[in-house]
Structure formats: structure tokens, C-alpha cells
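Use the sequences and the hints to build the structure in full.
Protein chains in written order, with my numbering: chain A, 252 to 338; chain B, 252 to 338; chain C, 252 to 338; chain D, 252 to 338; chain E, 252 to 338.
Hints are computed from structural coordinates only; laboratory data are not their basis.
Warning: the hint list may mix true and false statements.
Since copy identity is lost for identical chains, a pair holds within one copy or between any two.
Heads up, simulated SDA-like pairs for lysine to any residue below, C-alpha to C-alpha not over 25 Å straight-line [what the hints assert, rightly or not]: (1) Lys290 <-> Gly268; (2) Lys290 <-> Thr274; (3) Lys312 <-> Gly301; (4) Lys290 <-> Val332; (5) Lys290 <-> Pro320; (6) Lys312 <-> Ser284; (7) Lys290 <-> Val321.
Quick caveat, the model's predicted, so the values are computed rather than measured.
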Amino acid sequence: MQLARVIGTVVVTPKDGNLHGVTLLLIQPIAPSRTPVGKPLVAADSVGAGVGEEVFFVRGKEASFPFHPVDVPVDAGIVGVVDAIDT
Amino acid sequence: MQLARVIGTVVVTPKDGNLHGVTLLLIQPIAPSRTPVGKPLVAADSVGAGVGEEVFFVRGKEASFPFHPVDVPVDAGIVGVVDAIDT
Amino acid sequence: MQLARVIGTVVVTPKDGNLHGVTLLLIQPIAPSRTPVGKPLVAADSVGAGVGEEVFFVRGKEASFPFHPVDVPVDAGIVGVVDAIDT
Amino acid sequence: MQLARVIGTVVVTPKDGNLHGVTLLLIQPIAPSRTPVGKPLVAADSVGAGVGEEVFFVRGKEASFPFHPVDVPVDAGIVGVVDAIDT
Amino acid sequence: MQLARVIGTVVVTPKDGNLHGVTLLLIQPIAPSRTPVGKPLVAADSVGAGVGEEVFFVRGKEASFPFHPVDVPVDAGIVGVVDAIDT
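Have a look at this one:
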């Protein structure tokens, strides 16, 4: 999983029916130092994260688990809001 | 998921029978600023996207969900047309 | 999926029994402009592609679909020969 | 799988219920020479690894195996502590 | 799949029980020219490969196929020893 900051929202015509009602957030992966690393991506949100918050997310099939039993076609999903990082 | 712009079409001899009738589009991933990022790729289209449109797509097994119950061998699929990106 | 050119063949002692009889080709991913992008890789071929041909391939679990019901341990597979790319 | 060093811990509001009680560690992938390679990431720990230890981890769906039958939404997991690397 | 050279062995405290008895080798991906490309990684070996040999390996879920029905948590596996590469 990676750390990220929520930087925006994305609205799509939910052409794929199983995406109906799924919140899509634009996130920027960050290092533990909070420096941006890599490219922004769109992730499904199931935890109610807001713009500016630090979250962590999973990639791949696991991103669809919180939406089961619906088969949501997502490959990235926010699964928690970060309370603390201790290094 | 990532944002992308549809930049062309690809026609293949559908040697794999399960690809018969699947629309294949050439897409260029973009950043929220619309700058191209990374390499173009071929994605299956199930939403009727056209050349020049901004879409978002999934990678991996999830790309085949819209075509179920047929097992389409695709690893990238367009799942929506972008209405708005708010950062 | 990505575009690629077939650049060679690979012969292996088929230590994994499920690979017996599977044709393995060396492919070089290419951009729509036909410029090489990234590293060559080995892909399973189920479409009878020949050296020098332009193909497109899938990565991941989907690469094994054409060989079902045998569980072939492959993570890249050629699924079509490119007829035309229109940009 | 890759080698890594445990460099910290991460505490999250376990918004995804299936993550409750799962230890999350911050790890830095390393080369056999112990030089850092690539970006830090967050991995689920099922082996009781401590900060400073050398571990190896898996990415993808396999990362959730140690937690079965719970479907934990993780895409990286520590599966062993390194005793020796012989090159 | 990618080509690689076996460069060492890794011994771990098999904290994950399903890894017990699985041989873990350190491999360096190589190009067809035999030049090293990218970072070394740890792969499960089911073909009896030795240090110095050229092999090819799969990434992802397919890496666990040779060990079925045990669910081994591995994301890279050697599936053959290279006899010849023809370009």
C-alpha cells in the first residue's frame, strides 16, 4: 500500500453501471516525508476521505473488496485515513 | 485508475475469439493538467468513447468485468468518460 | 494492452509441465510510432505470430485465458496480430 | 518478492473493518547490497517484524493469504524475516 | 515473462508456514543480450535452477501455480531454464 494526499475529485458519466454512486477521488502518492512521488491517480473512496487528507490506498483487485458483493471495476482504492507515521 | 485521452483506434485480426467485436482504442494517459504522462496503450472500450475524449480506465483483471460472462483477455479497459476534474 | 514487435524465439527446458508445447516468443514493446519503448519480454503465443510481425499482448492472469482449461504459468500473452493503427 | 528494511510504523483509522488489528509497517525496499532501491511503501505484517529488521515481502493478492479467511484489502505483505543472503 | 540470471540464494525464517521447504533464489533480470536490466528480486524456484544459470520467470499469481494445491504467498517464480534465445 502507499501513502497519498487527496488533491481533488473526479466526476464521470458512470457509463459502467457498477460505478454508480462510487466516489472517485484524485490522489497524489507521497513519501513518508510528504514529498510527492510519482503520478496522480484516481481511486475509489469507501472511507469518506476529504480533499487535503492523508490516506493510504491499495492497488489491484483488493481495491474492489469494500464494495462487495458488487463487482466494481476499480484498480485503486482508499482503505484508511492516516493517523500517524512513525519513522 | 488513470485519466487518459483517446488518440486512435486499433484493428487486429481477432485471433483470440473472445476479442471478437470488442472495440480497441489507443489511449494516452494524462495528468490532471492534461499533460501526457507515460506511454500510450491499447484499452478495451465498453462506453462508446470517441477519439479526442477524456476518459478514465482501469488496469488488470477488472478491465474484463464489463464484458462478463465472456472471459475477454484484456488488461486495460475504459470504464467512464470524464465530466469534470476538480483540484 | 500494448503493441509490440516479435523479435525472436526462446527455447526452454519445459521444467514446468504445463508449459509443454506452449510457443514462447521474445517481443519488444513499441509505441504507435513503432519506436521501441521499454524492455523486451517473453510472451506466450496462441495466435501463430511470426518474427517481425506487429502484435498486441496482455499482461497478467489474462495471458493464460487462451490456454484454458490448462493452468499455464504465464504473465504475458500475444492475443492478436495488428492490422492497422489509426491515430 | 523483494528485500526490504522495516523503517517505521503506520497508524490508520481502520475505516475498512477488515484491516482491524492488522499491523502496518513502513518498509524500504533494498538491493542485496542493502542499498535502498525505489520508494518506501506500507505493508501488512503477519510475522512480527520489528523496525530495523530485514524482511522480504510479496505484492498483490498473495499479500492477503496469511490473513485468510478474512479478505484483507492489502497489496503488500511481509512473509518472512531474512536470515541470510548469499551471492 | 522475463529472462534472468540466478545470482544467489536467500534463507528466511519461514514465518509464513506455506513457504516451508520452498527454495528462494535471488535473480537478476537480463535483456536478451544478457545485460542486467532493472533490480534483483527473490523468486520461488520449482525447477532446480542453480546459481549462474539463465532462467525465465513469471510474476504475480501465476508464480504460485507450480506449488498447488498449497497457497504459497509468492509473487515471482522460476518456471524454466533457458536453452536458447534466437533473435
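(request) Have a look at Lys290 and Val321 and pick one of within, between, both or neither, based on CA distance no larger than 25 Å. (result) neither (28 Å within a copy, 31 Å between copies)
(message) Cα distance capped at 25 Å. Does Lys312 pair with Ser284 within a copy, between copies, both, or neither?
(response) neither (28 Å within a copy, 27 Å between copies)
(request) Up to 25 Å between alpha-carbons, please classify Lys312 paired with Gly301: within, between, both or neither. (result) Only inside one copy: Lys312 and Gly301 sit 23 Å apart there, 27 Å across copies, limit 25 Å.
(request) Give the relationship of Lys290 and Val332 under a CA distance limit of 25 Å: within one copy only, between copies only, both, or neither. (result) Classified as both: same-chain Cα gap 20 Å, cross-chain 20 Å, threshold 25 Å.
(request) If the cutoff is 25 Å on CA atoms, where do Lys290 and Pro320 land: within, between, both or neither? Let me know, please. (result) neither (30 Å within a copy, 33 Å between copies)
(request) Up to 25 Å between alpha-carbons, please classify Lys290 paired with Gly268: within, between, both or neither. (result) neither (27 Å within a copy, 28 Å between copies)
(message) One pair to classify: Lys290 and Thr274, alpha carbons no more than 25 Å apart. Within, between, both, or neither?
(response) within (20 Å within a copy, 27 Å between copies)
The structure fails to meet hints 1, 5, 6 and 7 from the earlier list, while all remaining hints are met.
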